[in-house]
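Number of protein chains: 2
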Amino acid sequence: MKRILIVGTGLIGASVGLALRANGFTGEIAGTGPNAETLKIAQERGAIDTWHASADADAVAAASDVILLAGPVLAIEDWMQRLAPLLGPHQLVTDVGSTKFHICVHAHRLYNALNTARFLPGHPMAGKESGGAALAEATLFQNAMWLFTPTNDGTPSPLEAEWRGWVAKFGARTMDLDAARHDELCAWVSHLPQMVATAMSALLEEKLADAPELNAIGGRALREMTRLGASPYSMWRDIAMTNADPIADTLHALEQRLAHLRENLKTPGLRDEFALANQFRKRRD
Amino acid sequence: MKRILIVGTGLIGASVGLALRANGFTGEIAGTGPNAETLKIAQERGAIDTWHASADADAVAAASDVILLAGPVLAIEDWMQRLAPLLGPHQLVTDVGSTKFHICVHAHRLYNALNTARFLPGHPMAGKESGGAALAEATLFQNAMWLFTPTNDGTPSPLEAEWRGWVAKFGARTMDLDAARHDELCAWVSHLPQMVATAMSALLEEKLADAPELNAIGGRALREMTRLGASPYSMWRDIAMTNADPIADTLHALEQRLAHLRENLKTPGLRDEFALANQFRKRRD
Chain U
1 MKRILIVGTG
11 LIGASVGLAL
21 RANGFTGEIA
31 GTGPNAETLK
41 IAQERGAIDT
51 WHASADADAV
61 AAASDVILLA
71 GPVLAIEDWM
81 QRLAPLLGPH
91 QLVTDVGSTK
101 FHICVHAHRL
111 YNALNTARFL
121 PGHPMAGKES
131 GGAALAEATL
141 FQNAMWLFTP
151 TNDGTPSPLE
161 AEWRGWVAKF
171 GARTMDLDAA
181 RHDELCAWVS
191 HLPQMVATAM
201 SALLEEKLAD
211 APELNAIGGR
221 ALREMTRLGA
231 SPYSMWRDIA
241 MTNADPIADT
251 LHALEQRLAH
261 LRENLKTPGL
271 RDEFALANQF
281 RKRRD
Chain H
1 MKRILIVGTG
11 LIGASVGLAL
21 RANGFTGEIA
31 GTGPNAETLK
41 IAQERGAIDT
51 WHASADADAV
61 AAASDVILLA
71 GPVLAIEDWM
81 QRLAPLLGPH
91 QLVTDVGSTK
101 FHICVHAHRL
111 YNALNTARFL
121 PGHPMAGKES
131 GGAALAEATL
141 FQNAMWLFTP
151 TNDGTPSPLE
161 AEWRGWVAKF
171 GARTMDLDAA
181 RHDELCAWVS
191 HLPQMVATAM
201 SALLEEKLAD
211 APELNAIGGR
221 ALREMTRLGA
231 SPYSMWRDIA
241 MTNADPIADT
251 LHALEQRLAH
261 LRENLKTPGL
271 RDEFALANQF
281 RKRRD
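Going down the list, the protein sequences come from chains U and H.
Sequential numbering of the first sequence, starting at 1, is according to the numbering used here.
Sequential numbering of the second sequence, starting at 1, is according to the numbering used here.
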């Protein structure tokens, strides 16, 4: 890998650039994306060497060994579509999208054939409360889990092996899993918590926004259970859109569970729920 | 106030004893409760001067100016019942129970009459992840909110005014509100978050307990949204029992909200939910 193009230099994309440099990558790091301001910040931070307007990115992509697609899932899919015809089997495209099944369907159609580029679907479980190149860090992936959901069973190409090597150098742990399983697990451990925090925050905004006592009374439990209510729709729209069925399943299961708990506030059924919940926490402590 | 009896010397009761001493109280602090071990720890920590087995507590209560009832709500109500016939109008009973309407119904029946003791219902919004006298601290109430839900409109008795003075010396802010309103607000900002964390933890324990990937994938969102799953049933049983209707209302509202969100994962309705949730968080930051 002598040249990498990072498409989308927000928090994750720019952090990858910084992590490459910090871990000894001496090749060229180019950047492109929809927003010139973001690209300039990424360049000032040292995350990319050169930046290219989205309209000029085709030639840069064609001349890169690795293309990393960062940003919301549907934007990643747009770039997969756009770049596929320009690239060849000696090149690797990889991504950092939050959902993987939808992306893998596209990858199967557009990549990993004899005369197309290779595609390695990835998902670093890292982030911050706010995004943006300004908050990027070379150490963002240290001790984080970087998941891969490869679509082909064959041996990895040399570039794919090299990319996995860089991810390991970033300090991330890696795991390969099936794309559908990835999306199902992420629905439970990430998307469900987000949707619950959003629903609870929205409900409280409607019911109590004007209650002067609220700020006085609300403590850590409230803060913690609604913190994710601040998450931006712009990112979650694509996750909800591309993982709707697994998310709907988890929401439906929780609705039923809450109804069960509600019907058992005064019965020993409540004890059983607390016992199961205690057990879940104990396993994790 | 020359002598106070603290009934129940767990985290809150023992912290009150330590806070009294730290803020210059020179009278006697007696302690009683169901558990001799807890009482001994409270005494060793300096939270109480003397401890008395529950069976011997009547005489100590009769000879105290203020009796503070700490512990789960139903235990507080048992003590209210037991002590009322032993006490007179020159004495003050106050409590730290988590729900207030149920307690106020008892207070109205048993206290605040011409020939009975006064009762001032209180609720310090303070705590820790674990309870017990060993974790008690004189500073537990600093900057915490200590709510009162007085049942009588008359002027406070001198002892009541003195007790409010001690609470202020502990560093707590205070607010008076209607008992039913207290319970409704606490259902929204404290009991609903707890029940949601319990339901989500119990659900995950059933669905994913054996998934080896879970510990690898679950991040801050999962930890945060299930932390309260570790809360003990022993405390929450009484809260659920004595505030069942308001809690059921909040749970039912959230169930409907989650169903609405589930049906709008791919529509602009999701954007509206995120906008409301963002607004709620913004008000609080």
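Treat the hints loosely; a few may be bogus.
Okay, derived cross-link-like pairs now, DSSO-like style, lysine-lysine, Cα gap no bigger than 30 Å in a straight line [to be verified]:
| hint | chain 1 | residue 1 | chain 2 | residue 2 |
| --- | --- | --- | --- | --- |
| 1 | U | 266 | H | 128 |
| 2 | U | 128 | U | 266 |
| 3 | H | 2 | U | 282 |
| 4 | U | 128 | H | 128 |
| 5 | U | 128 | H | 266 |
| 6 | U | 282 | U | 266 |
| 7 | U | 169 | U | 40 |
Quick list of simulated restraints, FRET-style, between CB atoms [stated by the list, open to error]:
| hint | chain 1 | residue 1 | chain 2 | residue 2 | range |
| --- | --- | --- | --- | --- | --- |
| 8 | H | 252 | U | 50 | 52 to 58 Å |
| 9 | H | 154 | U | 266 | 19 to 25 Å |
| 10 | H | 142 | U | 81 | 54 to 60 Å |
| 11 | U | 283 | H | 154 | 33 to 39 Å |
| 12 | U | 269 | H | 2 | 21 to 27 Å |
| 13 | U | 260 | H | 142 | 36 to 42 Å |
| 14 | U | 209 | H | 2 | 56 to 62 Å |
Some, not all, of what chain U presents toward chain H, calculated at C-beta under 10 Å [said to hold, decoys possible]:
| hint | residue |
| --- | --- |
| 15 | 105 |
| 16 | 106 |
| 17 | 109 |
| 18 | 113 |
| 19 | 147 |
| 20 | 150 |
| 21 | 152 |
| 22 | 154 |
| 23 | 156 |
| 24 | 158 |
| 25 | 186 |
| 26 | 216 |
| 27 | 233 |
| 28 | 259 |
Hint data in this document are derived by calculation from the structure and do not stem from the laboratory.
A quick note: this is a predicted structure, and the numbers were derived from the prediction, not measured.
Yeah, the Cβ is synthetic: ideal placement off N, Cα and C, and Gly gets one too.
For each hint, the structure was consulted:
no., hint, verdict
1, 266/U / 128/H, "25 Å, holds"
2, 128/U / 266/U, "40 Å, violated"
3, 2/H / 282/U, "45 Å, violated"
4, 128/U / 128/H, "27 Å, holds"
5, 128/U / 266/H, "25 Å, holds"
6, 282/U / 266/U, "25 Å, holds"
7, 169/U / 40/U, "26 Å, holds"
8, 252/H / 50/U: 52 to 58 Å, "57 Å, holds"
9, 154/H / 266/U: 19 to 25 Å, "35 Å, violated"
10, 142/H / 81/U: 54 to 60 Å, "58 Å, holds"
11, 283/U / 154/H: 33 to 39 Å, "53 Å, violated"
12, 269/U / 2/H: 21 to 27 Å, "47 Å, violated"
13, 260/U / 142/H: 36 to 42 Å, "39 Å, holds"
14, 209/U / 2/H: 56 to 62 Å, "47 Å, violated"
15, 105, "17 Å, violated"
16, 106, "18 Å, violated"
17, 109, "21 Å, violated"
18, 113, "30 Å, violated"
19, 147, "7 Å, holds"
20, 150, "16 Å, violated"
21, 152, "21 Å, violated"
22, 154, "23 Å, violated"
23, 156, "21 Å, violated"
24, 158, "27 Å, violated"
25, 186, "7 Å, holds"
26, 216, "5 Å, holds"
27, 233, "4 Å, holds"
28, 259, "6 Å, holds"
Checked against the numbered hints given earlier, this structure breaks hints 2, 3, 9, 11, 12, 14, 15, 16, 17, 18, 20, 21, 22, 23, 24; the rest are met.
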